[in-house]
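Visitor: All chains should be built: construct the whole structure from the sequences, respecting the hints.
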Amino acid sequence: MVEVALRHRFDHPGAWRSSRRDGFTLDVAFAAPPRGVTALFGPSGCGKSTILAAVAGLLRPQSGRVALDGAVLLDTAAGICLPPERRRCGVVFQDARLFPHLSVETNLRYGLRRAPRDAEGPGFEEVVALLGIGHLLARRPAGLSGGERQRVALGRALLARPRLLLMDEPLAALDAARRTEVLPFLARLRDAARQPILYVTHALEEVDALADHLVLLEAGRVLAEGAATEIAARTDLPLASRRDAGVLLDCTVLAAPGGGLARLGFPGGELVTTLHPGAPGTRLRVRLRARDVAVAVAEPHGISTQNVLRATLATITPAGEPLEVFLRLDVGPSQVLARITRDSLERLALRPGMPVWALVKAVTFDHRVAAAAAAPP
Amino acid sequence: MVEVALRHRFDHPGAWRSSRRDGFTLDVAFAAPPRGVTALFGPSGCGKSTILAAVAGLLRPQSGRVALDGAVLLDTAAGICLPPERRRCGVVFQDARLFPHLSVETNLRYGLRRAPRDAEGPGFEEVVALLGIGHLLARRPAGLSGGERQRVALGRALLARPRLLLMDEPLAALDAARRTEVLPFLARLRDAARQPILYVTHALEEVDALADHLVLLEAGRVLAEGAATEIAARTDLPLASRRDAGVLLDCTVLAAPGGGLARLGFPGGELVTTLHPGAPGTRLRVRLRARDVAVAVAEPHGISTQNVLRATLATITPAGEPLEVFLRLDVGPSQVLARITRDSLERLALRPGMPVWALVKAVTFDHRVAAAAAAPP
Amino acid sequence: QEGPTVFAAASLTDALRVLGQQWAARGNPAPRFSFAASSALARQIEQGAPADLFMSADEPWMDYVQQRNLIVTATRVSPIGNALVLVAPANDARPVALARGTDLLALLGPNGRIATGDPAHVPVGRYAQAALTWMGQWDAVAPRLARADNVRAALLLVERGEAPFGIVYATDAAISPGVRVAGTFPAESHTAITYPFALTRRAEGNARARALFAFLAGLEAQPVWQRFGFRLAQ
Amino acid sequence: MTLGLAAEEWQAVRLSLEVATRSVAVSLVPAIAIAWLLARGRFPGRMLLDALVHLPLVVPPVVVGWGLLMLFGIRGPIGAPLHDWFGIRLVFTTEGAALATAVMSFPLIVRAVRLGLEAVDPGLEAAARTLGAGPIDRFLTVTLPLMSPGILAGTVTAFAAGLGEFGAVITFVSNIPGETQTLPLAIYSATQTAGGEATAARLAGISFALAVAGLLLAELLARRMHRWLGRA
Amino acid sequence: MTLGLAAEEWQAVRLSLEVATRSVAVSLVPAIAIAWLLARGRFPGRMLLDALVHLPLVVPPVVVGWGLLMLFGIRGPIGAPLHDWFGIRLVFTTEGAALATAVMSFPLIVRAVRLGLEAVDPGLEAAARTLGAGPIDRFLTVTLPLMSPGILAGTVTAFAAGLGEFGAVITFVSNIPGETQTLPLAIYSATQTAGGEATAARLAGISFALAVAGLLLAELLARRMHRWLGRA
Ligand SMILES: Nc1ncnc2c1ncn2[C@@H]1O[C@H](COP(=O)(O)OP(=O)(O)OP(=O)(O)O)[C@@H](O)[C@H]1O
Ligand SMILES: Nc1ncnc2c1ncn2[C@@H]1O[C@H](COP(=O)(O)OP(=O)(O)OP(=O)(O)O)[C@@H](O)[C@H]1O
Ligand SMILES: [Mg+2]
Ligand SMILES: [Mg+2]
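Protein chains in written order, with our numbering: chain B, 1 to 377; chain Y, 1 to 377; chain L, 1 to 234; chain Z, 1 to 232; chain F, 1 to 232.
If you're looking for bench data, these hints aren't it; they were derived computationally from the structure.
Being a predicted model, the structure only gives us computed values, none of them experimental.
A few of these clues could be false.
Stated by the list, open to error - Restraint ranges, calculated between C-beta atoms of paired labels, are given here: (1) 205(F) <-> 139(Y): 45 to 51 angstroms; (2) 42(F) <-> 320(Y): 54 to 60 angstroms; (3) 3(Y) <-> 47(Z): 41 to 47 angstroms; (4) 349(B) <-> 192(Y): 43 to 49 angstroms; (5) 137(B) <-> 222(Z): 39 to 45 angstroms; (6) 25(Y) <-> 347(B): 54 to 60 angstroms; (7) 105(Y) <-> 184(B): 46 to 52 angstroms; (8) 230(B) <-> 320(Y): 46 to 52 angstroms; (9) 47(Z) <-> 133(L): 46 to 52 angstroms; (10) 347(B) <-> 354(Y): 23 to 29 angstroms; (11) 222(Z) <-> 27(L): 50 to 56 angstroms; (12) 227(B) <-> 25(Y): 49 to 55 angstroms; (13) 198(F) <-> 10(Y): 42 to 48 angstroms.
What the hints assert, rightly or not - From the structure, some residues in chain F lie toward chain Z, with a derived Cβ separation under 7 angstroms: (14) 51; (15) 54; (16) 58; (17) 77; (18) 184; (19) 187.
For each residue, glycine too, the CB sits at the ideal point set by N, CA and C.
Guide: Spelled out as structure tokens, the structure:
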């Protein structure tokens, strides 16, 4: 359990001789579960890095408290402020921050050598294998590509045997191709890590692939906090106004996709997809974007769309855009969001409680994100 | 008309004492039309920036020729190599490169003051209004946000009255929110510019919003070159293996969307969308992603999907993923791609020549990109 | 009113300051002094320095400028001289008899040094070398010399107790409260210590310079020279 | 307000300031040029030039002064034509003191300016080129302003060192009050006088105070400059 | 192979190298400490410390030598206990020459080291902290290696300046062949002798050659270092 409560104000003196004094106030409190990834999600400048710095001890907030499984790292009221080197928070920075004068191996061992004897964690070989960096050990950081660099940074943080892992947009500095390359390693690390992870990002696909718990931030405040699937399903948050808004479905692979389409089961139904999610039993979370869900009032036939799910229209809510609405559909115990036009709403005379069919194309899912999200059974 | 033909090799000496000598060879030739935006599109490290540098004169290639409307800027065979300051190529760099010691206004006027007397181009006030930077004129670059900085850089390049505008990933350093903020200004600039623009990017949405002509690069070579719409419609290029592959449709706004859905006409059909594309007559290009197109062999009823287009199945081609295929659909004279599973292909017994219905949700289009892509009538 | 410019050895500083004031007090334009090492001054005169009078601390550097025809040879005189003394720190008062064969090394102890000017180029060092050679001590004492840049620096080393002995001019010993004269070298132990004065070529027709020269080399200046410990030439 | 200083000593203070200022003034432009050559040039004799610039640091100041005397004395290969054709005499003048000081502080100023130049982002110069600025234009409007922190640092160090320059000055231009007797020479003269230690210490104190003032001013300027360049 | 040099002159060369090397060796650690204080410290006397460090640059070397004699002489407040309790004597010894040289080149070395330190990315130090490295640990394993180009630059400048140091050395330890007669003192001696010009020029040439060698070596080392730090 990671408890974080922080208050801090930055004053921006503004230009010289300007009397304008604007600033930034951070005022947040949240708790992250003792295992899994808690994503801090929000737009640029909302205070994500500031929170991470305060947790790591690199910034001393004006007031606040940070506790990790009951151990107090910071408590301004009690005058406690452990220095970073005694907090045992492994940090993965956006810009890797590998030591340029040390080889990859020495970088990796830097934290390991300084970790307490009795600290538990994966061994050197294990981490190297996990991240696929065995062939880089003798090289210098300067010769690495961006993606390789971030993988080494992940390994270095993990090998310091931290009690808490902090990651500050570890993929933001990478282009799309490199991001795709590193995302699966992050997912593996999430599964291998025995400690909680605070993961800062402003990319939704990283939340989809990695986050169990989500803290939604805006302008220094917490907008919402909860399980990632719950938050994604809410239509009252700024998240919902994104074009790619939609629910996250926790699925289990039902049929081995040996050459055929993968069948994913979720409470209340099944999805047929062109994903390659691994062996049956693999757990997998997929984002079902609301805009990719069509509804029909009669069961359609002769259509390429492969997923036609029986559902009940639960509620109709606005969708940010004036011409669109969200339909919340109950598919068994699960909920699915569909984005349709007000026009269609009227044309089909949709009312809450009506039985409908939800139509989802099998090709609609994001292969990269899903590949990363897959967790072994 | 911009003619570019370049050969250049970088040797990477490799690590010290390593005998491995790898390098990078650029070998490209292409011609950009005399007006509009030509996008150089390709993955990181494929040589895009190198091409731009050679055109601007900041890099002297081992051999090559660059001509602009018949005027030779570079011809290694003839021993011609104009210095950058005499090429009159306005460059917008990824990192803005504003002069930190000069005010925004002085930055803007830097190139203007050095432009030939008789050079034509928009006036200072015009550019400032176009880019919405009037309120920044007295400020220093250091105080600007990333987005503001790029807008000033755009203005500075434009005011130098260049014969050719070169932009090297002007949005890459910005986060999603800032990108959205600057994209419309780029679109405005494209419409206002009287000179050709070479635009380097590896973001497909920027190609969608801006590019008329596309040069597809990979590992230092030109893979394909042509009108952006043509290239997008091809299924034999690496582009097609992207999840967001699909055709670009050139549309004209038919109905004013005063509170209602916008009707966009394209040769052979109409699309109903929730976009806000401006007054009737506005021209607009939208990406219709293949994965968002479903097909039906019988006309569906009672379905929320609002666009049901009569089409003829022209060809069936592989789609990168083994379980998926592309259907090329003729909708009047236009072509649309649909991505469906092989499973559906067999289930519906689809064969070339069959009449089908193409199903497209009205909410499927990307509002940000479309907003930027809209050109006044 | 610009007075004449006098290039003078640094060891004449104190006395010349007083003489300059006296000269000015008589209604003459105050002379300008440039105090530095005789060697530097000689070279500067060679390079056209605006010196009207040259007052060297030793004869060889005056010879140097004379050979190069830079002075009015007829004016060259050596009106004052000095004595060479062995000094010790003021709190360590033991007279030393300076005669042939005196065992200076024994007096110096295992580590002690004699501070004096560098015999290679500082005049006082040259006189010291001659005197020590006369005493038959040169070979023994030479490795024990602390060769200073100028007399004052050598004096300072004794004042601070760094060197138990120093060989300096009587004039310097007289005005330093930190040292005491342990013995005076016999006049025959070294060539006479004299300060040659001369008018430079450029001042040949300069009446003011000639007048000042006459004053400094003449009777009126003698009390001041004596006050500062200089000996008058016979 | 004489602070217990004789008129001659005040003169030395004034002269020292003048000499230090003039030496910085004359060496600034060549130092910038040489720093540019060393940082940007790719020519065969670069290392040799670098070594030559360091020369005054390596040989004793007296030797530098002596070398200057040989070169610029009215019988010297440079001094003779200067004197005969233009009537310019450097030896034993304030100008000469400034020259000697400039030569001595030259390595320090070049080093600082060079570091400042190396900190200039070549990307900004490239940007200026694409905006139509030719070599001199972009040097003056972009490179020079951006390297100004280095120039400032060099100026301060050179000024401070100029206040203390002794060996080269006394050898080259002698020790003439009001003309070439700067503070360090006055200090030297004081040490040559019986009981002159107090005067020497007082003058050294003034020297120190001047240098502190210069450093303080530079620190303030540097802050302002960094803000100006947006690096604050 | 005597290059036409007398044994005594060879001795001066050897001694110069020794003095310059030792002076750099003794001043390196304090210079790093002071550079660290000046660059990172936020304490009231920072400006004063900065000025004090510059002091040897500002006052004439002879005065520095004189000051050293007052402090480190056997009657001085530092020299007396050193001598009485530890039997250490600095005046007239090679160690003393190294000390005087070290003091004189101290401002140069501090300045370069400080620039090197300011170029170190504090982010890397923060990274080391989060990996469990305490203050000394991270200074030794991260900060120090990363500031090494600045240290190298400072070492070279100080070494070059050390080869030329004169005024402070001759005043503090005087000129004892084989003990304190370094190259500059030998050169000075030669220039003060009528007809010594040739010897002086020859010795100055050796001085220059040594400095060039040092600079060359440093350039090579710097390149290697930059590659090592991945900045090539
Ligand atoms: N040292 C500082 N001094 C003053 N203001 C600061 C400082 N650090 C951060 N800020 C301000 O605090 C706010 C939050 O910054 P922070 O870096 O935490 O944002 P972020 O959410 O991490 O953004 P990004 O996604 O761009 O990294 C910003 O407005 C920023 O300008
Ligand atoms: N100055 C250089 N020396 C050596 N190699 C270089 C140099 N500049 C570029 N390269 C190499 O040339 C190739 C192409 O580089 P370029 O910068 O043109 O790629 P790009 O397409 O612009 O990539 P990005 O999208 O990352 O900016 C890369 O492999 C790069 O390492
Ligand atoms: Mg951040
Ligand atoms: Mg590029």
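Visitor: Against the structure shown, which of the earlier numbered hints fail to hold, in ascending order?
Guide: 1, 8, 13, 17
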